[in-house]
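Novice: Heads up: the sequence shown runs through residues 120 to 413, numbered per my numbering.
Honestly, the hints are just simulated from the structure, not real lab data.
We put the CB at the ideal spot given by N, CA and C, even for glycine.
Take these hints with a grain of salt, some might be off.
Unchecked claim - Pair ranges (Cβ atoms, derived):
1) Leu387 to Ala331: 27 to 33 Å
2) Ala231 to Ser174: 19 to 25 Å
3) Gly276 to Ser173: 30 to 36 Å
4) Ala193 to Gly276: 26 to 32 Å
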Amino acid sequence: MANSTKPQVTIVGLGPMGQAMAESFLDRGYAVTVWNRTAARAESLVARGAVLASSASDALAASEVVIISLTDYAAMYDVLAPASSALVGRVLVNLSSDTPERARAAARWAAAHGAEHLTGGVTVPPSGIGQPDSATFYSGPREAFDRHRHVLEVVTGRVDYRGDDPGLAALFYQLGMVMFWTSMLGHWQAVALAQANGLTAADVLPHATETANSLPSFFAFYADRIDAGQHGGDVDRLAMGLASVEHVLHTHADAGVDTALPAAVVDLFRRGVNAGHAADSFSSLVELLRKPAA
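Turn these sequences into a full structure, and let the hints steer you where they fit.
Specialist: Printed below as a string of C-alpha coordinates:
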(Lines of atoms letter the chains of each structure in order from A and count residues from 1; the text may use other names and numbers.)
(Lines give C-alpha, C1' and ligand atoms only; values in the text may rest on other atoms or scores of the structure.)
Protein backbone atom coordinates (compact mmCIF):
# COMPACT_ATOMS: atom_id res chain seq x y z
CA MET A 1 0.00 0.00 0.00
CA ALA A 2 1.21 3.49 -0.87
CA ASN A 3 2.30 6.22 1.53
CA SER A 4 1.89 4.53 4.93
CA THR A 5 2.45 7.89 6.70
CA LYS A 6 -1.06 8.99 5.77
CA PRO A 7 -4.42 7.33 6.39
CA GLN A 8 -5.45 5.63 3.18
CA VAL A 9 -8.68 5.10 1.31
CA THR A 10 -9.69 3.91 -2.14
CA ILE A 11 -12.72 5.27 -3.96
CA VAL A 12 -14.26 3.33 -6.82
CA GLY A 13 -16.66 5.40 -8.91
CA LEU A 14 -16.24 9.09 -9.65
CA GLY A 15 -19.70 10.38 -10.37
CA PRO A 16 -20.72 13.53 -8.49
CA MET A 17 -20.91 11.63 -5.18
CA GLY A 18 -17.61 9.84 -5.63
CA GLN A 19 -15.93 13.09 -6.66
CA ALA A 20 -17.25 14.85 -3.56
CA MET A 21 -16.08 12.00 -1.32
CA ALA A 22 -12.60 12.03 -2.83
CA GLU A 23 -12.41 15.80 -2.30
CA SER A 24 -13.45 15.38 1.34
CA PHE A 25 -10.74 12.80 2.00
CA LEU A 26 -8.11 14.91 0.28
CA ASP A 27 -9.17 17.89 2.38
CA ARG A 28 -8.48 15.83 5.49
CA GLY A 29 -5.04 14.67 4.46
CA TYR A 30 -5.81 11.13 3.32
CA ALA A 31 -3.80 9.27 0.73
CA VAL A 32 -6.57 8.74 -1.82
CA THR A 33 -6.52 6.18 -4.60
CA VAL A 34 -9.29 6.44 -7.18
CA TRP A 35 -10.55 4.35 -10.05
CA ASN A 36 -13.28 5.03 -12.57
CA ARG A 37 -14.24 3.44 -15.85
CA THR A 38 -13.90 6.89 -17.44
CA ALA A 39 -10.44 7.82 -16.26
CA ALA A 40 -10.77 11.47 -17.33
CA ARG A 41 -13.08 12.09 -14.38
CA ALA A 42 -10.07 11.71 -12.08
CA GLU A 43 -8.03 14.52 -13.59
CA SER A 44 -8.93 17.23 -11.08
CA LEU A 45 -8.41 14.82 -8.19
CA VAL A 46 -5.03 13.70 -9.47
CA ALA A 47 -4.07 17.37 -9.73
CA ARG A 48 -4.78 17.61 -6.01
CA GLY A 49 -2.67 14.57 -5.18
CA ALA A 50 -4.94 11.56 -5.60
CA VAL A 51 -3.49 8.49 -7.29
CA LEU A 52 -5.36 7.10 -10.29
CA ALA A 53 -5.12 3.32 -10.22
CA SER A 54 -4.49 1.67 -13.56
CA SER A 55 -6.99 -1.11 -12.86
CA ALA A 56 -9.67 -2.12 -10.40
CA SER A 57 -7.26 -4.69 -8.96
CA ASP A 58 -4.65 -2.02 -8.30
CA ALA A 59 -7.32 0.17 -6.70
CA LEU A 60 -8.31 -2.63 -4.34
CA ALA A 61 -4.68 -3.35 -3.49
CA ALA A 62 -4.00 0.26 -2.49
CA SER A 63 -6.13 0.45 0.68
CA GLU A 64 -7.90 -1.74 3.20
CA VAL A 65 -11.01 0.46 3.02
CA VAL A 66 -12.63 0.68 -0.41
CA ILE A 67 -15.53 3.09 -0.80
CA ILE A 68 -17.81 2.18 -3.68
CA SER A 69 -19.96 4.88 -5.24
CA LEU A 70 -21.61 3.45 -8.33
CA THR A 71 -25.06 3.58 -9.90
CA ASP A 72 -26.14 0.25 -8.42
CA TYR A 73 -24.87 -3.12 -7.26
CA ALA A 74 -24.85 -4.52 -10.79
CA ALA A 75 -22.21 -1.92 -11.64
CA MET A 76 -20.23 -3.05 -8.59
CA TYR A 77 -20.13 -6.63 -9.84
CA ASP A 78 -19.13 -5.42 -13.31
CA VAL A 79 -16.17 -3.57 -11.81
CA LEU A 80 -15.08 -5.85 -8.98
CA ALA A 81 -15.85 -9.36 -10.19
CA PRO A 82 -12.93 -9.40 -12.66
CA ALA A 83 -10.70 -8.23 -9.78
CA SER A 84 -12.16 -10.58 -7.16
CA SER A 85 -8.79 -12.09 -6.28
CA ALA A 86 -7.78 -8.70 -4.85
CA LEU A 87 -10.77 -8.54 -2.48
CA VAL A 88 -9.18 -10.58 0.31
CA GLY A 89 -8.85 -8.50 3.48
CA ARG A 90 -10.73 -5.51 2.11
CA VAL A 91 -13.60 -3.65 3.75
CA LEU A 92 -16.04 -2.66 1.05
CA VAL A 93 -18.06 0.39 2.08
CA ASN A 94 -20.78 0.18 -0.53
CA LEU A 95 -22.54 3.52 -0.84
CA SER A 96 -24.24 2.60 -4.12
CA SER A 97 -28.02 2.74 -4.16
CA ASP A 98 -29.93 -0.53 -4.44
CA THR A 99 -32.41 -2.77 -2.66
CA PRO A 100 -32.01 -4.40 0.77
CA GLU A 101 -32.05 -7.87 -0.77
CA ARG A 102 -29.30 -6.96 -3.21
CA ALA A 103 -27.26 -5.54 -0.34
CA ARG A 104 -27.58 -8.86 1.51
CA ALA A 105 -26.54 -10.77 -1.60
CA ALA A 106 -23.55 -8.47 -2.09
CA ALA A 107 -22.45 -9.05 1.51
CA ARG A 108 -22.53 -12.80 0.93
CA TRP A 109 -20.60 -12.37 -2.31
CA ALA A 110 -17.95 -10.22 -0.62
CA ALA A 111 -17.57 -12.70 2.23
CA ALA A 112 -17.10 -15.53 -0.24
CA HIS A 113 -14.15 -13.58 -1.65
CA GLY A 114 -12.57 -12.81 1.72
CA ALA A 115 -13.89 -9.27 2.09
CA GLU A 116 -16.22 -7.53 4.53
CA HIS A 117 -19.19 -5.53 3.25
CA LEU A 118 -20.62 -2.46 4.98
CA THR A 119 -23.80 -1.23 3.36
CA GLY A 120 -24.19 2.54 3.39
CA GLY A 121 -27.09 4.82 2.60
CA VAL A 122 -26.05 8.46 2.22
CA THR A 123 -28.94 10.80 3.00
CA VAL A 124 -27.54 13.94 1.35
CA PRO A 125 -26.63 15.07 -2.18
CA PRO A 126 -22.98 15.64 -3.17
CA SER A 127 -23.07 19.14 -1.66
CA GLY A 128 -23.62 17.57 1.76
CA ILE A 129 -20.59 15.27 1.63
CA GLY A 130 -18.02 16.10 4.29
CA GLN A 131 -20.44 18.21 6.31
CA PRO A 132 -20.68 17.58 10.07
CA ASP A 133 -24.48 17.59 10.14
CA SER A 134 -24.93 15.25 7.17
CA ALA A 135 -25.74 11.61 7.87
CA THR A 136 -25.28 8.13 6.43
CA PHE A 137 -26.95 4.89 7.49
CA TYR A 138 -24.68 1.86 7.86
CA SER A 139 -25.25 -1.83 8.50
CA GLY A 140 -23.10 -4.92 8.41
CA PRO A 141 -20.31 -6.22 10.65
CA ARG A 142 -20.13 -4.05 13.76
CA GLU A 143 -16.42 -4.58 14.27
CA ALA A 144 -15.64 -3.27 10.79
CA PHE A 145 -17.90 -0.27 11.38
CA ASP A 146 -16.22 0.56 14.68
CA ARG A 147 -12.72 0.00 13.33
CA HIS A 148 -13.20 2.38 10.43
CA ARG A 149 -15.63 4.84 11.93
CA HIS A 150 -13.11 7.65 11.54
CA VAL A 151 -13.07 6.98 7.78
CA LEU A 152 -16.86 6.90 7.54
CA GLU A 153 -17.12 10.21 9.40
CA VAL A 154 -15.16 11.88 6.60
CA VAL A 155 -18.01 11.06 4.22
CA THR A 156 -20.63 12.51 6.57
CA GLY A 157 -20.12 13.75 10.10
CA ARG A 158 -23.01 11.66 11.43
CA VAL A 159 -22.91 7.88 11.01
CA ASP A 160 -26.01 5.90 12.00
CA TYR A 161 -25.30 2.20 12.57
CA ARG A 162 -28.42 0.09 12.13
CA GLY A 163 -27.24 -3.42 12.94
CA ASP A 164 -25.57 -6.50 11.52
CA ASP A 165 -28.15 -7.11 8.78
CA PRO A 166 -26.53 -5.64 5.66
CA GLY A 167 -29.97 -4.90 4.22
CA LEU A 168 -31.04 -2.47 6.94
CA ALA A 169 -29.00 0.53 5.80
CA ALA A 170 -30.35 0.05 2.29
CA LEU A 171 -33.87 -0.17 3.71
CA PHE A 172 -33.54 3.07 5.67
CA TYR A 173 -32.10 4.75 2.59
CA GLN A 174 -35.03 3.58 0.47
CA LEU A 175 -37.50 4.75 3.12
CA GLY A 176 -36.03 8.20 2.69
CA MET A 177 -36.25 7.93 -1.09
CA VAL A 178 -39.94 6.98 -0.88
CA MET A 179 -40.54 10.18 1.04
CA PHE A 180 -38.26 12.36 -1.07
CA TRP A 181 -39.35 11.42 -4.58
CA THR A 182 -43.09 11.37 -3.89
CA SER A 183 -42.90 14.61 -1.87
CA MET A 184 -40.95 16.40 -4.59
CA LEU A 185 -43.36 15.11 -7.24
CA GLY A 186 -46.21 16.51 -5.16
CA HIS A 187 -44.46 19.87 -5.16
CA TRP A 188 -43.80 19.76 -8.92
CA GLN A 189 -47.48 18.93 -9.42
CA ALA A 190 -48.51 21.93 -7.34
CA VAL A 191 -46.10 24.16 -9.26
CA ALA A 192 -47.52 22.96 -12.58
CA LEU A 193 -51.05 23.76 -11.35
CA ALA A 194 -49.90 27.17 -10.11
CA GLN A 195 -48.27 27.96 -13.46
CA ALA A 196 -51.42 26.96 -15.31
CA ASN A 197 -53.18 29.63 -13.26
CA GLY A 198 -50.66 32.39 -13.93
CA LEU A 199 -48.54 31.97 -10.78
CA THR A 200 -44.85 31.15 -10.47
CA ALA A 201 -42.97 28.67 -8.33
CA ALA A 202 -41.69 31.65 -6.33
CA ASP A 203 -45.25 32.89 -5.80
CA VAL A 204 -46.34 29.66 -4.12
CA LEU A 205 -43.07 28.90 -2.32
CA PRO A 206 -44.12 30.33 1.08
CA HIS A 207 -47.36 28.32 1.05
CA ALA A 208 -45.55 25.19 -0.15
CA THR A 209 -42.94 25.57 2.61
CA GLU A 210 -45.60 26.09 5.27
CA THR A 211 -47.45 22.99 4.08
CA ALA A 212 -44.26 20.89 4.08
CA ASN A 213 -43.35 22.12 7.55
CA SER A 214 -46.73 20.98 8.87
CA LEU A 215 -46.12 17.35 7.93
CA PRO A 216 -43.94 16.30 10.91
CA SER A 217 -46.80 16.98 13.32
CA PHE A 218 -49.03 14.68 11.26
CA PHE A 219 -46.33 11.99 11.19
CA ALA A 220 -46.05 12.15 14.97
CA PHE A 221 -49.81 12.17 15.56
CA TYR A 222 -50.48 9.08 13.46
CA ALA A 223 -47.39 7.00 14.38
CA ASP A 224 -48.72 5.41 17.58
CA ARG A 225 -52.19 4.93 16.12
CA ILE A 226 -50.78 3.14 13.07
CA ASP A 227 -48.51 0.92 15.17
CA ALA A 228 -51.51 -0.02 17.31
CA GLY A 229 -53.66 -0.69 14.25
CA GLN A 230 -56.12 2.00 15.35
CA HIS A 231 -57.67 3.74 12.36
CA GLY A 232 -60.86 5.03 13.92
CA GLY A 233 -62.60 7.89 12.15
CA ASP A 234 -62.60 10.14 15.19
CA VAL A 235 -60.32 12.78 13.68
CA ASP A 236 -60.76 12.25 9.95
CA ARG A 237 -62.60 9.93 7.60
CA LEU A 238 -61.41 8.35 4.40
CA ALA A 239 -64.70 9.16 2.65
CA MET A 240 -64.06 12.86 3.25
CA GLY A 241 -60.47 12.42 2.10
CA LEU A 242 -61.72 10.86 -1.14
CA ALA A 243 -63.92 13.90 -1.77
CA SER A 244 -60.92 16.16 -1.17
CA VAL A 245 -58.55 14.35 -3.53
CA GLU A 246 -61.30 14.24 -6.17
CA HIS A 247 -61.50 18.04 -5.91
CA VAL A 248 -57.74 18.16 -6.44
CA LEU A 249 -58.10 15.97 -9.54
CA HIS A 250 -60.93 18.10 -10.97
CA THR A 251 -58.94 21.30 -10.34
CA HIS A 252 -56.09 19.91 -12.42
CA ALA A 253 -58.41 18.77 -15.19
CA ASP A 254 -60.07 22.20 -15.32
CA ALA A 255 -56.64 23.85 -15.63
CA GLY A 256 -55.54 21.51 -18.41
CA VAL A 257 -52.70 20.11 -16.29
CA ASP A 258 -51.47 16.51 -16.41
CA THR A 259 -53.70 14.44 -14.11
CA ALA A 260 -51.73 11.17 -13.86
CA LEU A 261 -50.46 11.77 -10.33
CA PRO A 262 -53.68 13.14 -8.76
CA ALA A 263 -55.66 10.40 -10.54
CA ALA A 264 -53.41 7.76 -8.96
CA VAL A 265 -54.08 9.31 -5.53
CA VAL A 266 -57.84 9.25 -6.16
CA ASP A 267 -57.60 5.61 -7.21
CA LEU A 268 -55.81 4.70 -3.98
CA PHE A 269 -58.38 6.49 -1.82
CA ARG A 270 -61.24 4.89 -3.76
CA ARG A 271 -59.73 1.45 -3.27
CA GLY A 272 -59.63 2.12 0.46
CA VAL A 273 -63.30 3.12 0.49
CA ASN A 274 -64.24 0.05 -1.54
CA ALA A 275 -62.29 -2.11 0.92
CA GLY A 276 -64.65 -0.96 3.68
CA HIS A 277 -62.66 1.90 5.22
CA ALA A 278 -64.96 4.80 4.30
CA ALA A 279 -65.69 5.58 7.96
CA ASP A 280 -62.10 4.97 9.10
CA SER A 281 -59.21 7.41 9.21
CA PHE A 282 -57.29 7.83 6.00
CA SER A 283 -54.37 6.27 7.90
CA SER A 284 -56.18 2.99 7.11
CA LEU A 285 -54.58 3.27 3.67
CA VAL A 286 -51.42 1.95 5.33
CA GLU A 287 -53.18 -1.41 5.63
CA LEU A 288 -53.96 -1.28 1.91
CA LEU A 289 -50.41 -0.32 0.99
CA ARG A 290 -48.95 -3.20 2.99
CA LYS A 291 -50.36 -5.64 0.43
CA PRO A 292 -49.79 -5.99 -3.30
CA ALA A 293 -52.41 -4.27 -5.43
CA ALA A 294 -54.99 -6.64 -6.82
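Novice: Indicate, hint by hint, whether the structure satisfies it.
Specialist: Outcome of the hint check:
{"no.": "1", "hint": "Leu387 to Ala331: 27 to 33 Å", "verdict": "violated, 21 Å"}
{"no.": "2", "hint": "Ala231 to Ser174: 19 to 25 Å", "verdict": "holds, 22 Å"}
{"no.": "3", "hint": "Gly276 to Ser173: 30 to 36 Å", "verdict": "holds, 33 Å"}
{"no.": "4", "hint": "Ala193 to Gly276: 26 to 32 Å", "verdict": "holds, 30 Å"}
Comparing the model with each numbered hint stated earlier shows that hint 1 is the single one that does not hold.
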